[in-house]
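Participant: Next come the chains, spelled out residue by residue.
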Amino acid sequence: MPGRLQKCIFVLLSAGIIAAANRTDVSKLPRTAGGKPDLNGIWQTITTANWDIQDHGAQAGPFFQLGAIGAVPPGQGIVEGNEIPYLPQAALKKKENLANRWKADPELKCYMPGVPRATYLPYPFQIIQSQKDILIVYEYATTNRPINMAKPQEAVVDSWMGTSNGRWEGDTLVVDVTGFNDQTWFDRAGNFHSDALQVTERYTPIDANTINYQATITDPKVFSRPWRISLPLYRVRDTNARLLEFKCVEFSEEFLYGNLRKGPANSEK
Amino acid sequence: MKSELLAVVIICAAANPLPAQTAWKTPKTPWGDPDLQGVWPSSSMLMTPLERDPKLGARNVLTDQEYRVKAMMSKVIKNGLEGATPSPRVNIGAGWADYGVPDRQASLVIDPPDGRIPPLTPEAQQREALRLSHYKVKHNAPDTWEDLTMWERCISLGVVGSVLPLVYNHGNQIVQSPGYVVFRNEMVHEARIIPVNGAKHIAPAIRQYMGDSIGHWEGSTLVVETTNFNGKAVIGMGGGFEGAGTLPTESLQITERFNRTDERTIAYRATIEDPNTWTKPWTIEFPLRKDDSYNTLYEYACHEGNIFMYDVLSGARAQEKPDEGAAAK
Numbered sequence: 029m030p031g032r033l034q035k036c037i038f039v040l041l042s043a044g045i046i047a048a049a050n051r052t053d054v055s056k057l058p059r060t061a062g063g064k065p066d067l068n069g070i071w072q073t074i075t076t077a078n079w080d081i082q083d084h085g086a087q088a089g090p091f092f093q094l095g096a097i098g099a100v101p102p103g104q105g106i107v108e109g110n111e112i113p114y115l116p117q118a119a120l121k122k123k124e125n126l127a128n129r130w131k132a133d134p135e136l137k138c139y140m141p142g143v144p145r146a147t148y149l150p151y152p153f154q155i156i157q158s159q160k161d162i163l164i165v166y167e168y169a170t171t172n173r174p175i176n177m178a179k180p181q182e183a184v185v186d187s188w189m190g191t192s193n194g195r196w197e198g199d200t201l202v203v204d205v206t207g208f209n210d211q212t213w214f215d216r217a218g219n220f221h222s223d224a225l226q227v228t229e230r231y232t233p234i235d236a237n238t239i240n241y242q243a244t245i246t247d248p249k250v251f252s253r254p255w256r257i258s259l260p261l262y263r264v265r266d267t268n269a270r271l272l273e274f275k276c277v278e279f280s281e282e283f284l285y286g287n288l289r290k291g292p293a294n295s296e297k
Numbered sequence: 212m213k214s215e216l217l218a219v220v221i222i223c224a225a226a227n228p229l230p231a232q233t234a235w236k237t238p239k240t241p242w243g244d245p246d247l248q249g250v251w252p253s254s255s256m257l258m259t260p261l262e263r264d265p266k267l268g269a270r271n272v273l274t275d276q277e278y279r280v281k282a283m284m285s286k287v288i289k290n291g292l293e294g295a296t297p298s299p300r301v302n303i304g305a306g307w308a309d310y311g312v313p314d315r316q317a318s319l320v321i322d323p324p325d326g327r328i329p330p331l332t333p334e335a336q337q338r339e340a341l342r343l344s345h346y347k348v349k350h351n352a353p354d355t356w357e358d359l360t361m362w363e364r365c366i367s368l369g370v371v372g373s374v375l376p377l378v379y380n381h382g383n384q385i386v387q388s389p390g391y392v393v394f395r396n397e398m399v400h401e402a403r404i405i406p407v408n409g410a411k412h413i414a415p416a417i418r419q420y421m422g423d424s425i426g427h428w429e430g431s432t433l434v435v436e437t438t439n440f441n442g443k444a445v446i447g448m449g450g451g452f453e454g455a456g457t458l459p460t461e462s463l464q465i466t467e468r469f470n471r472t473d474e475r476t477i478a479y480r481a482t483i484e485d486p487n488t489w490t491k492p493w494t495i496e497f498p499l500r501k502d503d504s505y506n507t508l509y510e511y512a513c514h515e516g517n518i519f520m521y522d523v524l525s526g527a528r529a530q531e532k533p534d535e536g537a538a539a540k
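Those protein sequence lines, which keep their order, are chains A and B.
If you read the first sequence in my numbering, its first letter stands for residue 29, the second for the next number, and so on.
If you read the second sequence in my numbering, its first letter stands for residue 212, the second for the next number, and so on.
Read the hints as simulated data drawn from the structure, not as lab findings.
If a hint is listed, it holds; no wrong ones were tucked in.
Lysine to any residue pairs mimicking SDA-like chemistry, simulated, CA-CA at most 25 Å apart:
| hint | chain 1 | residue 1 | chain 2 | residue 2 |
| --- | --- | --- | --- | --- |
| 1 | A | K64 | A | D199 |
| 2 | B | K239 | A | G62 |
| 3 | A | K160 | B | T472 |
| 4 | A | K160 | B | D502 |
Based on the provided sequences and hints, a complete structural model is requested.
Facilitator: In structure tokens, the structure reads:
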């Protein structure tokens, strides 16, 4: 029978091994001149969450002409526990959104994607971390959002990307995002929120090329309790990696205004 | 009198950044680059036209008399805007527009020395005449959104249009990180990422509204060369609004210089060249000035709220129906 000291050592060792497996050797993280983790770079997720943040199997797409190109790829969700705690009315609305998704998803219209959807859209984004504030530029629709790292500012007006106030908790960048409008969705499956949405994001680097990303979603008008998504962000390591221009307005105009063009809409030709 | 003289000296200094600015030393970022960060609206230059009044010739500094006229005009515009009554359709009244401050600089174009944009090449003259005649016919009764400008469609004002003074939401912000400078333009929410780390231009096959920018430092001045344009963004005030400006081709190249001349001023210069469009390069230059009342860029969700597009297109369709016109009488 092991003595108390041995038990203690065993527990300590195990804890150390687990910590090493799950966490970071923080001494190896790239750091800024100010000693904070250096999150600068181009990042992207590897996930089908933009199709559906919950677990989903493969499905046919809406347009047979696109064949396998237009199909919905399968994916394991990013929602912790997979359940989204909709209030009863909101659950109906989600179902309705899903039924209308090929007409109603704001992504079809090239609207700014909101937070956290901007993170797991299938496009890269770049973190610009200055000595003061942080700017995130997303390739999709040239969306960009400043993160105020000084004294927190209240949202003066509702917006698509919200108002972001950031702070460091150890090596984690914590960003509180408030002041959203009710126009964005979380995915192409119709998961949605109201203008009472508040998002708290946590960016925790675990090595030079990986950030653990978590976002806690709070919206008492839509959900019975806060819930959380988590997934890794990977550094885009291609030597020529650059954010390119995806100004998608032009690709949405026929969809949005086609019924107002002179003569028949392209869809009716 | 004394303060007026001082203002003249300051304004002249701002209008011409080339003389040695020995007193001012550009601060550095922790990683050693010149620090240009901050919000730099172009609003203060709203009263200064792009091209110079031909009467002034090669003189780009206004006389006292000319300056007084400009100041008076500025006041009239300011009073007009502040006294505006809200329209019932779009709930904006006073306060949405800026009016700038009078400035001694006579034109934003500084080269050619007469402050006039050089003539178009013969081929470009034909091309532009065709484009503008189409614009005149179609703009007020568009067949499709494609008959409207890139600004009205909320796509892009392009590199030059995004920084030229505009009457509203013309904030610019510079954010830097090691190896990068980002130039944000509030209107149509541009964020041009400029590598200053020795990166090369993207492949010629990739064309973009805002082109592809690569920067380097010359002393404390940021020099940015932009290529890879798609030739779809008009160069001029307001992205081609009211038929202004010229549509360049894909061979457009823009060289910009951002020179922080003091705590509150960046001398901004852009040389525009496209041998398929203009007979020679031309250069604009003006100060981007900090403004304590303008230190935040708001989210400019232009396309998201573009009810103009529905109104204009549905209006054009309604006008095509003869019955409705008759019924209205």
